[in-house]
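For chain A, the structure is supplied; the task is to place chain B on it using the hints.
Residues per chain are reported as follows:
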Amino acid sequence: MPFDFAVVLIFLAVSAGFVWAAMFVGKLVRPHRPDAQKLQTYECGERPIGAAWYNFNPRFYLLALVFIIFDVEIALTFPVGVVARAWVEAGHGLTVVVEILLFVAVLVAALAYVWGRGDLNWVRDLEHEAPLPPVEPPPDAALTREVHS
Amino acid sequence: MNNLQGLADYAIRAWFSVPDPARWPYTWLVYLGFILLAGLIAVGFAAGFAGPMSFIERRIAGRMMSRIGPNRVGPQGIFQFIADGIKSLLKEDIVPAEADRPLFLLAPYLVFTGMFGTFVALPFAAHVIAADLDVGILWLLAIPSLVVVGLLMAGWGSNSKWAVFGGVRSAAQLVSYEIPSAFALLSVVLFAGTLSTQGIIAAQGPWPWEWFIFRNPLLFVTFFIFFISALAEGNRAPFDLPEAESELVSGYNVEYSGMRFVFFFFAEWANLWVMSALATTAFLGGWQVPGMPAVEIAAMTGWRFVGWEALSFLIFALKTSVLVFVVVQLRWTLPRLRVDQLMTTCWKYLVPLSLITLTGNLVLLALVPERGVVDWMMRGLMVLIAAALALRYLQRVRANYLADRENYRKMEGKELWYPPYRLP
Chain A
4 MPFDFAVVLI
14 FLAVSAGFVW
24 AAMFVGKLVR
34 PHRPDAQKLQ
44 TYECGERPIG
54 AAWYNFNPRF
64 YLLALVFIIF
74 DVEIALTFPV
84 GVVARAWVEA
94 GHGLTVVVEI
104 LLFVAVLVAA
114 LAYVWGRGDL
124 NWVRDLEHEA
134 PLPPVEPPPD
144 AALTREVHS
Chain B
23 MNNLQGLADY
33 AIRAWFSVPD
43 PARWPYTWLV
53 YLGFILLAGL
63 IAVGFAAGFA
73 GPMSFIERRI
83 AGRMMSRIGP
93 NRVGPQGIFQ
103 FIADGIKSLL
113 KEDIVPAEAD
123 RPLFLLAPYL
133 VFTGMFGTFV
143 ALPFAAHVIA
153 ADLDVGILWL
163 LAIPSLVVVG
173 LLMAGWGSNS
183 KWAVFGGVRS
193 AAQLVSYEIP
203 SAFALLSVVL
213 FAGTLSTQGI
223 IAAQGPWPWE
233 WFIFRNPLLF
243 VTFFIFFISA
253 LAEGNRAPFD
263 LPEAESELVS
273 GYNVEYSGMR
283 FVFFFFAEWA
293 NLWVMSALAT
303 TAFLGGWQVP
313 GMPAVEIAAM
323 TGWRFVGWEA
333 LSFLIFALKT
343 SVLVFVVVQL
353 RWTLPRLRVD
363 QLMTTCWKYL
373 VPLSLITLTG
383 NLVLLALVPE
393 RGVVDWMMRG
403 LMVLIAAALA
413 LRYLQRVRAN
423 YLADRENYRK
433 MEGKELWYPP
443 YRLP
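Residue numbers (my numbering), protein chains in the order written: chain A, 4 to 152; chain B, 23 to 446.
By construction, these hints were calculated from the structure, which means they are not laboratory data.
Ideal placement from N, C-alpha and C gives every residue a C-beta, glycine not left out.
Some hints could be false.
[Unchecked claim] Residues from chain B that face chain A, not an exhaustive set, calculated with beta carbons under 8 Å:
no.	residue
1	Q27
2	G61
3	L62
4	L112
5	P118
6	A153
7	N181
8	A194
9	I201
10	F213
11	E277
12	G382
13	L384
14	V385
15	L387
16	V390
[As the list claims (entries may be wrong)] Derived SDA-like pairs (lysine to any residue); straight-line CA-CA distance at most 25 Å:
no.	chain 1	residue 1	chain 2	residue 2
17	B	K109	B	F283
18	B	K109	B	E290
19	B	K370	A	N60
20	A	K30	B	K370
21	A	K41	B	E269
22	B	K370	B	F249
Here chain A stands alone, though its shape is the one from the complex (with noise of 0.2 Å):
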């Protein structure tokens, strides 16, 4: 058991030091010349506006929220699912499917309630007004549509 610990700490060591050996070599090799236009953030050629460091769309958060609960509950099911198959041997067929159908179920209620709110879908639809008032039409609107019809 320690040698198979000892493989996965080595492994990870290797992979880590083969990136920083490659790295290494291209430094002896690669030149060094840096300029500050050279070193400009990429924007398609325009000069860059802005840091990049502001705040992102929330539904990012609420997919990742949902993630760690349907994570969390599969690492839990998966010690049951491994002896599954030496309980139906045993006879206990009937304990095991109720086990993980518990499991599943907490899931599958889990998953209706955020598809029910509306957290699935990518692009939301705010069912409350919007917070500004309508914008009043213009009073040649009739006028414009005439134009550019």
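Relative to chain A, chain B alone:
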């Protein structure tokens, strides 16, 4: 001599004439050397697969799009990947002035380690595995999470708008598709009764009707759930949104150059092998050689042992290569999904479907006795269906080739310049 530790013990006895390796003070040094050697071989294998694969994929892409692809460097262009590697090595390594330097520099390490960590528990042949962990499947599900962290670090650390979009998006995609793939593997674990990857292969047999994929109709569906989620987790088309070049330029790796950039793609191509090998292990019977159980191979000595091990590796590699080819073919056949379609596919189709197949598999496990009449009927039926599908696939390939040849003859007035088995 049926695992790495056994091999090291054998070497200690043979080379240093030590009767009991457990009592020898320098055993740990030999162990360390053997594990390091195994790690280097595994890195070499990953590099030896990812490099040529990048070339093969581009040639297949060329054939599928009726163009030529790289064919200048070496015979048939086979050294193209070496030329690409040297070019990247000689390229300047740029860290943008605005970037978060530590995160930016660290990200490729995490991405590569997350991919390479899976090689610890991936089987290659009858007894060839770095460590047959007793939590193998959990490890294979857990360690790729480092890739998510790495991609987020790359995206956030670059301080570029494209990179942030790409990083956040790929994190959302990777974590979402982990759910269906974990459920699919859980179905396999139910039938195998173990988490060790070698144990899962041992629970199947060499013949197609003994594989888990053909065991019952629900496991057949489970295989496709797993395959689709593995595609998405590997950022492969049609799920390659994080690097959607038409909308995000290149996604999380937009600010990277030179070797650092290469490691993201190294990980992606090596991941082709990882996902296909995992699918082969879990569903397609792994390295099982017809008519030769692994126990008998372990009892052999000398060249016979090596020969049978090599044969089992060839069988494993063949099954894996077929899957790899299907993945490459899919990439150049299907259009990319939209980001909301991607999430809908995962949460509204694959997750409920995988819950249904998990429940169904559980009931089948409890009700249908193994190797009973019903079991054999289901296996036979599934093998027949699969054979029919495979036959249809080959028929379509032949029809396409013939049509291609006919069109070429009509257009150019001469025969097609390549036979069906060769790349143009």
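Hint B/G61 vs chain A: min CB-CB distance below 8 Å? holds (4 Å)
Hinted contact B/Q27 with chain A - closest CB pair below 8 Å: This hint holds: B/Q27 lies near chain A, its Cβ roughly 5 Å from the closest one there, short of 8 Å.
Can you confirm whether the C-alpha distance between A/K30 and B/K370 stays at or below 25 Å? violated (48 Å)
Given B/L62 as an interface hint, is its Cβ closer than 8 Å to any Cβ of chain A? holds (7 Å)
Hey, A/K41 versus B/E269, does the alpha-carbon distance stay inside 25 Å? holds (23 Å)
With the threshold set at 25 Å, check whether the alpha-carbon distance from B/K109 to B/E290 stays at or below it. holds (19 Å)
Closest C-beta approach of B/A153 to chain A relative to 8 Å, hint status: Given a least distance of 4 Å, the restraint on B/A153 holds.
Holds or violated: is the Cβ of B/V385 closer than 8 Å to a Cβ in chain A? holds (7 Å)
Double-check B/N181 for me: the hint is only fine if its C-beta lies closer than 8 Å to a C-beta in chain A. Status holds, d = 5 Å.
B/G382 as an interface hint toward chain A, with CB separation required under 8 Å: Because about 11 Å separates B/G382 from the closest Cβ in chain A, which is outside the 8 Å limit, the hint is violated.
Should the interface hint for B/P118 be scored as holding, given a Cβ-Cβ cut-off of 8 Å against chain A? Check passed: Cβ of B/P118 comes within 5 Å of chain A, closer than 8 Å.
Cut-off 8 Å, beta-carbon criterion: hint that B/A194 touches chain A: Cβ of B/A194 sits 5 Å from chain A, so the hint holds.
Figure legend: structure checked against the earlier numbered hints; hints not met, in rising order: 12, 16, 20.
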